[in-house]
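Since chain A is already given, all that's left is putting chain B on it; use the hints.
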Amino acid sequence: MQTDDIGGGVTKLSLNGKLDIAGAGAIDMPWSVMMGSRRAIVVDLSGTSFIASMGLRTLIMGAKTVASKGGKMVLLNPNADVAKVLEDSGTTSIVAIYSDLDAAVAAVAG
Amino acid sequence: MGVTAAERIDIPAELSALVALGEQVERFAEANGLPGSTLFAVQLCLEEAVSNVIRHAVLPAGARIGVTLERAAGELVVSITDAGPPFDPLAAAAPAPHESLESAAIGGQGIVLMRRFCHDMRYQHVGGLNRLRLAFPLESASA
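Protein sequences, first through last, are from chains A and B.
Heads up, the first sequence is in the numbering used here, so the first residue is 1 and it goes up one at a time.
Heads up, the second sequence is in the numbering used here, so the first residue is 1 and it goes up one at a time.
Chain B on its own, in the form it takes in the complex:
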């Protein structure tokens, strides 16, 4: 079976755009009857992935980030594309585990959380674009 619902969302490469993105994702989840835990996982991975692009990539002024949501049989696929220099977030080293509250480093948990909350992550640099593909399992294709 192919894609049964798809939405393309284009946002400016600014952290403030995450709020509107989150609202659009919520509407997509509602329209497609996605479970709350799937919506949570998607929102978490999107916040981490998009903020990662905004903070780490040198993007041209006025750059935009594309987010595509595709619902197919058994899974929801979320793709994030940007035109920044090639950057593979999956190549980042995992942070050391916290040893004590006093010594705990702040940050670096984004990629760890993404690995836990989506069941498949793939990165490609293709046609001048970074493309991160995240897949989330869905129990059934029916809404």
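Next comes chain A alone, as it looks inside the complex:
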């Protein structure tokens, strides 16, 4: 997990590799810390090669935590397979996906 403060109070988190059970477990602690401490988060999924329901759990729990503190988390640029998982699981109905960084930043900073 890579963290970049990209200005305007917005944090970009890049999740690279597999968000399978092992991958979701590996980022659990730093991920929770970020979700609990930042208010405007763009999660860059362009380097995420795999996701299943445990990874969805990570994303949804994070988005819930951020929202409960009055902030917002959105997703950026998943590959086609990951996007299909996000859509078929209904995740896109509760967490927005953007294909453009500027639009994602505007969505969380607004």
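A portion of the hints provided could be inaccurate.
[Said to hold, decoys possible] Per the computed footprint, the stretches of chain A lying under chain B, defined by three or more beta-carbons under 8 Å from a beta-carbon of chain B, are: (1) 20–30; (2) 62–74; (3) 82–93.
[Unchecked claim] Beta-carbon label-pair distances, calculated as ranges: (4) Gly36(B) to Gly25(A): 22 to 28 Å; (5) Gly7(A) to Ala31(B): 44 to 50 Å; (6) Asp88(B) to Asn79(A): 30 to 36 Å; (7) Gly110(A) to Thr68(B): 47 to 53 Å; (8) Ala6(B) to Val33(A): 44 to 50 Å.
[What the hints assert, rightly or not] So these bits of chain A aren't anywhere near chain B, every CB distance computed over 12 Å: (9) Arg38; (10) Asn77; (11) Leu101; (12) Val105.
Because the hints were derived from the structure by calculation, they are not lab data.
We put the CB at the ideal spot given by N, CA and C, even for glycine.
Frame of chain A; chain B shown alone:
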């Protein structure tokens, strides 16, 4: 045409075994020239199905889970067997759709995803074993 490639993988009934299983499936996919999207679908369904067995079945100590990959003309068939009590994952009720981020339930999406990512799922309890058969379409039988 019959099966053109087959592999049987036996793993301990532990979540940590999923990593090694995933690597073996990747090698099978590579050796058989399976498309990336098929590999993704197989890995997704295996993670959901195997973790489902491990979390929900009361298995005897030291129990193992069998995974068979069979490539035939036009499809890849993945079978998962375990010796737990009869449990049909296909009988599980679909979770309610998410209504809001605040109220969204966590979990329950595994079976939904499996239904979307494989084109045929069948469950049987036979010879004391749960057997879940998942089929994935392949465009051509050539590697």
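> Okay, which hints does this one fail, numbers in order?
Replying inline: none
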